[in-house]
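The sequence shown begins at 1 in the UniProt record's numbering and counts up one residue at a time.
I should point out that these hints are in silico values taken from the structure, not numbers from a laboratory.
Honestly, I wouldn't trust all of these hints.
As the list claims (entries may be wrong) - With a straight-line cut-off of 20 Å between C-alpha atoms, the simulated EDC-like cross-links for lysine to aspartate or glutamate are: (1) K60 x E79; (2) K60 x E74; (3) K59 x E74; (4) K60 x D50; (5) K59 x E79; (6) K57 x E79; (7) K9 x E24; (8) K59 x D20; (9) K57 x E10; (10) K9 x D20; (11) K9 x D50; (12) K57 x D43; (13) K57 x E12; (14) K57 x D20.
This structure is a prediction, so every number in the text was calculated from the model and none was measured.
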Amino acid sequence: FLYNPIELKEFELLRLVPTDIMTENGCMIMADAGLHAWPLICDTTWYSIDYIRLFLKNKKLIIVRYHQLRTQLENALSEGHHL
1 FLYNPIELKE
11 FELLRLVPTD
21 IMTENGCMIM
31 ADAGLHAWPL
41 ICDTTWYSID
51 YIRLFLKNKK
61 LIIVRYHQLR
71 TQLENALSEG
81 HHL
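Please take these sequences and the hints and turn them into a complete structure.
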């Protein structure tokens, strides 16, 4: 219910791995384009990192390691960057 067949094709074109969790993550990121909220995507497998980089290639995207989380989160919130 989160996505339609056209969005599924967009995911496929952006090389998103076709699993349920990846499709849901992709939907949240695409929905973020029209919202004033930041989705938090936790991906322990790192499969969605390439997709996120492709989708947000024109925006400032910061990939954060666990030990950098607090500092990077504070910076992103104060400066309005994608994290």
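Okay, the hints, checked on the actual structure:
1. K60 x E79: It holds: about 11 Å lies between the C-alpha atoms, which stays within 20 Å.
2. K60 x E74: holds, 15 Å
3. K59 x E74: Cα-Cα ~18 Å, so holds.
4. K60 x D50: At roughly 14 Å apart (the allowed maximum being 20 Å), D50 and K60 satisfy the hint.
5. K59 x E79: Distance of about 13 Å is within 20 Å: holds.
6. K57 x E79: holds, 18 Å
7. K9 x E24: holds, 14 Å
8. K59 x D20: violated, 26 Å
9. K57 x E10: Judged against 20 Å, a Cα distance of about 15 Å means the pair holds.
10. K9 x D20: Since the Cα atoms of K9 and D20 sit roughly 14 Å apart, the hinted pair holds (cutoff 20 Å).
11. K9 x D50: Measuring from Cα to Cα gives roughly 17 Å; hence the hint holds.
12. K57 x D43: holds, 19 Å
13. K57 x E12: Distance of about 17 Å is within 20 Å: holds.
14. K57 x D20: violated, 23 Å
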